[in-house]
Amino acid sequence: MINVSLPDGSVRQYESGITPMGVAQSISEGLARNVISALVNDKQVEVSTPITEDATIKLLTWNDDLGKQAFWHSSAHLLAQAIVEFYPNAKLTIGPSIENGFYYDVDFGDEKFGEADFAKVEKAMLENAKKKAEFRLYPVSKAEALETYKDNEYKTELISNLTDGEITFCTHDNFTDLCRGGHIPHTGIVKAAKILSVAGAYWRGDEKNKMLTRVYGITFPKQKDLTDYLTLLEEAKKRDHRKLGKELGFFAFSEKVGQGLPLWLPKGAALRRKLENFLLKQQTRLGYEMVVTPHIGQKELYVTSGHYAKYGADSFQPIYTPNEGEEFLLKPMNCPHHCEIYKTSQWSYRDLPKRFAEFGTVYRYEQSGELHGLTRVRGFTQDDAHIFCTPDQLLEEFKKVIDLVLFVFRNLGFDNYSAQISLRDPENKEKYIGSDENWAKAEQAIIVAAEEKGLPTVVEYGEAAFYGPKLDFMVKDALGRKWQLGTIQVDYNLPERFDLTYIGSDNEKHRPVMIHRAPFGSMERFIAILLENTAGDLPLWLTPDLYTILPISEKYVEYGEKVLNLLAEEEINGLIDSRNEKTGKKIRDAEMKKIPFMLVIGEKEAENGTVSVRKHGEGDLGEMTVEQFTQFIKEETKLK
Numbered sequence: 001m002i003n004v005s006l007p008d009g010s011v012r013q014y015e016s017g018i019t020p021m022g023v024a025q026s027i028s029e030g031l032a033r034n035v036i037s038a039l040v041n042d043k044q045v046e047v048s049t050p051i052t053e054d055a056t057i058k059l060l061t062w063n064d065d066l067g068k069q070a071f072w073h074s075s076a077h078l079l080a081q082a083i084v085e086f087y088p089n090a091k092l093t094i095g096p097s098i099e100n101g102f103y104y105d106v107d108f109g110d111e112k113f114g115e116a117d118f119a120k121v122e123k124a125m126l127e128n129a130k131k132k133a134e135f136r137l138y139p140v141s142k143a144e145a146l147e148t149y150k151d152n153e154y155k156t157e158l159i160s161n162l163t164d165g166e167i168t169f170c171t172h173d174n175f176t177d178l179c180r181g182g183h184i185p186h187t188g189i190v191k192a193a194k195i196l197s198v199a200g201a202y203w204r205g206d207e208k209n210k211m212l213t214r215v216y217g218i219t220f221p222k223q224k225d226l227t228d229y230l231t232l233l234e235e236a237k238k239r240d241h242r243k244l245g246k247e248l249g250f251f252a253f254s255e256k257v258g259q260g261l262p263l264w265l266p267k268g269a270a271l272r273r274k275l276e277n278f279l280l281k282q283q284t285r286l287g288y289e290m291v292v293t294p295h296i297g298q299k300e301l302y303v304t305s306g307h308y309a310k311y312g313a314d315s316f317q318p319i320y321t322p323n324e325g326e327e328f329l330l331k332p333m334n335c336p337h338h339c340e341i342y343k344t345s346q347w348s349y350r351d352l353p354k355r356f357a358e359f360g361t362v363y364r365y366e367q368s369g370e371l372h373g374l375t376r377v378r379g380f381t382q383d384d385a386h387i388f389c390t391p392d393q394l395l396e397e398f399k400k401v402i403d404l405v406l407f408v409f410r411n412l413g414f415d416n417y418s419a420q421i422s423l424r425d426p427e428n429k430e431k432y433i434g435s436d437e438n439w440a441k442a443e444q445a446i447i448v449a450a451e452e453k454g455l456p457t458v459v460e461y462g463e464a465a466f467y468g469p470k471l472d473f474m475v476k477d478a479l480g481r482k483w484q485l486g487t488i489q490v491d492y493n494l495p496e497r498f499d500l501t502y503i504g505s506d507n508e509k510h511r512p513v514m515i516h517r518a519p520f521g522s523m524e525r526f527i528a529i530l531l532e533n534t535a536g537d538l539p540l541w542l543t544p545d546l547y548t549i550l551p552i553s554e555k556y557v558e559y560g561e562k563v564l565n566l567l568a569e570e571e572i573n574g575l576i577d578s579r580n581e582k583t584g585k586k587i588r589d590a591e592m593k594k595i596p597f598m599l600v601i602g603e604k605e606a607e608n609g610t611v612s613v614r615k616h617g618e619g620d621l622g623e624m625t626v627e628q629f630t631q632f633i634k635e636e637t638k639l640k
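All residue numbers for the sequence shown refer to UniProt numbering, where the first residue is 1 and numbers rise by one.
It should be emphasised that the hints constitute simulated quantities derived from the structure, not laboratory data.
Where a beta carbon is used, it is the ideal one built from N, C-alpha and C, also for glycine.
Treat the hints loosely; a few may be bogus.
[As the list claims (entries may be wrong)] Taking lysine-lysine pairs in the DSSO-like style, the calculated list, with each CA pair at most 30 Å apart, reads:
#, residue 1, residue 2
1, 354, 441
2, 142, 43
3, 585, 604
4, 593, 634
5, 615, 453
6, 112, 150
7, 191, 224
8, 274, 120
9, 112, 191
10, 562, 615
11, 132, 43
12, 482, 509
13, 615, 638
14, 237, 585
15, 246, 476
16, 243, 453
17, 399, 482
18, 208, 91
19, 274, 634
20, 431, 142
21, 222, 132
22, 634, 594
23, 453, 482
24, 256, 237
[Unchecked claim] Using C-beta positions, here's what the derived DEER-type ranges look like:
#, residue 1, residue 2, range
25, 589, 638, 48 to 54 Å
26, 478, 619, 18 to 24 Å
27, 197, 314, 24 to 30 Å
28, 43, 266, 34 to 40 Å
29, 466, 119, 42 to 48 Å
30, 638, 566, 18 to 24 Å
31, 589, 277, 24 to 30 Å
32, 247, 426, 44 to 50 Å
33, 561, 619, 23 to 29 Å
34, 11, 317, 57 to 63 Å
35, 561, 451, 54 to 60 Å
Construct all of the structure, not just a fragment, from the sequences and the given hints.
Next up, the structure:
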């Protein structure tokens with residue numbers, strides 16, 4: 001007999017060889033009908049996998065994220081099966097699940113695959129799914145695998161990096177694929193399928209390799225789920241920050257300037273300034289000091305920090321100075337520069353913590369196919385800060401940063417969030433720098449701080465930065481999409497690499513601890529997510545133009561300009577629409593531009609010294625004096 005531990009802490013005994021499905025059936029038939037995958041000793045397996053020793057088990061359904069991943073990974077097999085039915089000469093490469101759905105990278109050779117082909121592939125997927133074919137995972141030798149894929153150089157390359165005992169095939173119906181596993185019981189669970197798009201993708205992400213066709217798809221256990229998802233996609237298109245940014249005049253891109261390098265237009269620049277001033281005010285209150293660092297640095301700076309070894313391939317090519325023999329890089333990170341700022345003085349324990357902050361622009365080389373509006377760019381500005389403190393100050397400083405991040409979320413409408421404690425992968429420590437002792441201290445500090453602040457948290461192994469663990473804030477937007485916004489990191493390693501010290505109360509040199517933090521993350525990505533979350537209806541205190549004055553005829557433009565100046569004196573920004581257009585058209589245009597308030601003025605308003613106020617999306621708010629409107633706006637734009 002073996003002992004099987006369940007998530008509720010209970011332990012059940014079974015005969016050796018019991019499967020996860022057998023465990024589910026022993027609990028209830030209803031559970032067994034819904035189980036599609038399982039975790040056994042933290043490894044995801046098929047529900048038909050025998051359990052031969054004491055184990056912990058978690059039974060997964062469609063409602064679990066890992067259950068969805070198994071569902072979508074299995075669906076990638078259905079997609080590949082349908083593709084080779086129509087394109088027998090196509091060469092399959094890899095087909096993983098992703099956050100929403102799955103993709104398969106395919107070399108179609110001389111044939112083309114596009115939108116006109118989606119419907120026939122979807123139909124074939126569903127017809128094959130109805131066969132309720134079981135997914136069978138089984139081991140094969142390296143020699144057999146290489147022989148099977150001797151005409152597919154992509155699969156051959158994958159197999160060549162594996163050894164006997166590591167290679168498995170998965171077969172369902174008449175289709176077999178090289179696969180590591182993690183499938184649903186059978187194809188019949190898939191009831192709805194949609195091919196979403198195609199894109200180009202280099203084999204293994206290397207632009208030196210051949211460009212493949214990446215086919216994106218999604219499937220569901222119910223047709224209604226697919227219908228709801230497609231409705232959500234349509235709403236997401238309306239909220240696309242690239243569309244809104246163009247309509248609202250916030251930013252633009254230029255081929256001559258370069259891909260992934262946004263140009264901030266006046267209204268977008270005003271939005272950025274408001275965000276920067278908002279954070280700057282809070283940082284000043286909390287004792288941060290603003291610094292400015294160059295856009296380039298000597299290569300040796302990033303070699304010392306470890307960034308060059310870890311991210312050199314993602315940096316732009318070095319800049320050489322032939323006469324001096326120096327080698328520079330566009331700045332990929334701000335932290336090495338801030339370490340050097342710390343080193344300009346010898347600090348005492350009485351001087352700490354030192355909190356250096358900067359809105360610093362950094363540069364990373366992203367492949368052109370990976371660029372996407374403001375969410376994936378080549379040049380972006382981080383709201384970066386680095387706190388240098390004593391080990392005794394670490395916990396309190398970390399909790400203060402948590403408070404700052406939550407203050408930002410509260411005032412920007414991000415109410416649905418969780419915190420991810422990102423730790424290093426205990427099975428692959430080569431990815432990281434520093435001693436086990438320092439990592440243990442850093443990870444414990446984050447865990448304790450999150451507990452003391454009462455944050456809802458999940459732990460993810462392998463998601464730490466190479467120099468230290470992180471607390472990453474995961475936010476759900478209005479469409480239920482999850483974004484990583486804001487990060488706080490504990491770092492014992494860069495202070496060692498840069499030989500940073502302070503004089504302690506014992507008059508000896510000691511090593512400070514470093515906290516990296518960025519509540520926004522990057523200004524570009526944050527603004528993109530903010531635009532999509534609000535559908536362009538920004539919080540009032542952030543809106544570049546709070547109102548537009550709409551004179552009903554040219555006779556009242558002079559009074560409108562007087563109102564404009566009075567409000568400007570109160571630092572309430574707006575504009576006047578003095579075009580010779582009908583008032584109805586001016587109102588419609590203002591609504592399209594998402595201007596929060598429209599101040600309509602005519603003969604009555606000019607005589608009374610008032611404005612008739614309309615609110616975007618709501619309509620008439622009535623007549624107000626300029627003073628009343630001023631107080632109304634000040635009250636509406638107060639921070640929480």
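Against the structure, test the hints numbered earlier, and report the numbers of the ones violated in rising order. 5, 8, 12, 16, 25, 28
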